[in-house]
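Take these sequences, add in the hints, and give me the full structure.
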Amino acid sequence: MSGQYEKAFLESIEHPEAFWGKAAEQIHWHKPFQQVLDQSKAPFYDWFSGGELNTCYNAVDAHVNAGRGEQTAVIYDSPVTNTITKYTYAQLLDKVAKFAGVLVNNGVVKGDRVIIYMPMIPETVIAMLACARIGAVHSVVFGGFAPQELAVRINDAQPKLILSASCGIEGARVIEYKPLLDRAMDLATYKPDKCIIFQRPQVRSNLFEGRDLDWAEQEQHAEHVGCTMVKSTDPLYILYTSGTTGIPKGIVRDNGGHAVALKWTMKNIYNVEPGDVFWAGSDVGWVVGHSYIVYAPLLYGCTTVLYEGKPIGTPDPGAFWRVISQHNVKVLFCAPTVLRAIKKEDPNGEYLKKYDLAGFKYLFQAGERLDPDTYHWASNLLKVPVIDHWWQTETGWAVASNCVGLELLPIKAGSPTKPVPGYQVVVMDEEGQVLPRGKEGTIAIKLPLPPGNLTTLWQNDQKYKESYLEHYPGFYLTGDGGYFDQDGYIYIMGRIDDVINVAGHRLSTGAMEEILASHDEVAECAVIGVADGLRGEIPLGFVVLKNGVTKAPGIIVQELISMVRDRIGAFAYLRNVAVVKRLPKTRSGKILRSTMRKIADSQAYVVPPTIDDPVILGEITSSLQTIGYAAGTQR
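Quick note: our numbering has the sequence shown finishing at residue 635, numbered continuously throughout.
For the record, the hints were derived by calculation from the structure and aren't laboratory data.
Each hint should be verified, as a subset may be incorrect.
FRET-style restraints, in silico, Cβ to Cβ [to be verified]:
hint: 1; residue 1: E559; residue 2: N460; range: 44 to 52 Å
hint: 2; residue 1: P32; residue 2: A604; range: 54 to 62 Å
hint: 3; residue 1: K7; residue 2: V606; range: 44 to 52 Å
The beta-carbon is built from N, C-alpha and C at its ideal position, and this holds for glycine as well.
Printed below as a string of structure tokens:
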């Protein structure tokens, strides 16, 4: 296998049309594509133009038609409802075709948008696939999102229908969705025709006559519907991601390029085979859920796990190990925050000892940087390769990874290894000059982006160009900073706005976080830059301590300050570290550093709609006041 990565990478860069044309042979095309890559409309690129296909057919029908209908397609594992249900590919096809009939009965046609505002239940996956089946464009909004944010997405996508459920379950909390949806409908200037509500037994919603329809009743009156073929370049879905202006950006994913790229990744990045059990411990509201709970595993013929629970508390820190053992999971893909949560509750891995993980081969990490301390903890505990890989909502799949299906390269803690075939990644300075290895700068990707990446923003080509393409002409701006080492391994040091300038010294807060995380008593941490009248900016640290720590917090803080001074230098000027119970995060596990920065700088801030628990911001405010910082005001 030696050299397989290098061979694939060079072919993808030097002969992209041959490389991706070969990958496209694994997809069922109703009408063959005429051109692998059409660059005539640059900087907008079309992959597999002229081709027609159906993503749902490739993800479901094709496996049934190939005689594999009795294989398990989806395992729904819900510790919060004490439910485990398995669906074969044949059963999934039956349910998807039936619900596609519900959509058709309610006037949805090819090109219409459908917003899906639902929890982690099988009906959510069924709804996504049913939209794809008839050529409708789905836009999944994380269940429980604030009404104002949902309203913004309704106005932008202008959906024909909204699909929702009576409630979601977040740990021990039952969250009613219908009041949130009703409020969003009141706020939205665009009014969808109807809402179809799946009634869960935990809560039953009141339905408004004339607008709201009962999911189960609608299914009773629906016929099975076949697949509608769409152009390769037609949109499959819109997924909203945060914009710097506070207005969300609607990432548009096509059908053809998406199917080709995702199916290719399952073997080449994750090293799974059809029939293997693959688990992405995310939510369908995020890009990871789209790509690796729903589409990629099903396109490749794997069994995918749909988990409605938490890494801790449902019921204990052994929850993930139980799922891996019980369902014989081969690959788990989750965010580093999952590991840190488990590590905080069970630092010695006592719960792991209860389970047999013999079939478990790889742990993949993404969503935020995997710090070396967490990497070593997981690697030592699990005795399998722990692989950080880096990608974005916009890219839809990994930009950098250890592609274990090609060959397992040596792992370096703190690095997501090397660019994945298809991505020509460079590090640039502020003038757009490519920097040599070892020099830190802004990470960009040479155009055209490989298939499966965003094609534009929903009905906003100009914003797409402004946000991603104009900073470095001919390149896609990732917004992340980092560098290549002498072996060609890439290091992602965080968003470029996380580089702070301390008295003329440009310093990475990611490097400081790495040092704080290496302390034996620290479970997780964050470092932000705050305004300083003398030095411009100075770093401010936040740490969550492990359970059972007996050493005084003040002593730990002094040790942390000394560690940064010793390893970076006194010029880093880390003088304050706040010990907090928990860090504010999005539901996908990203730490809300920009909000923390505004609080510390006494600026007005808006509670982010993606926040997991708004109460944490009050705790952060109190901690900052304790160490002498004023607090921002919520607006």
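Status of the hints after comparison with the structure:
1. E559 with N460: 44 to 52 Å: This hint holds: roughly 49 Å between Cβ atoms.
2. P32 with A604: 54 to 62 Å: holds, 56 Å
3. K7 with V606: 44 to 52 Å: holds, 49 Å
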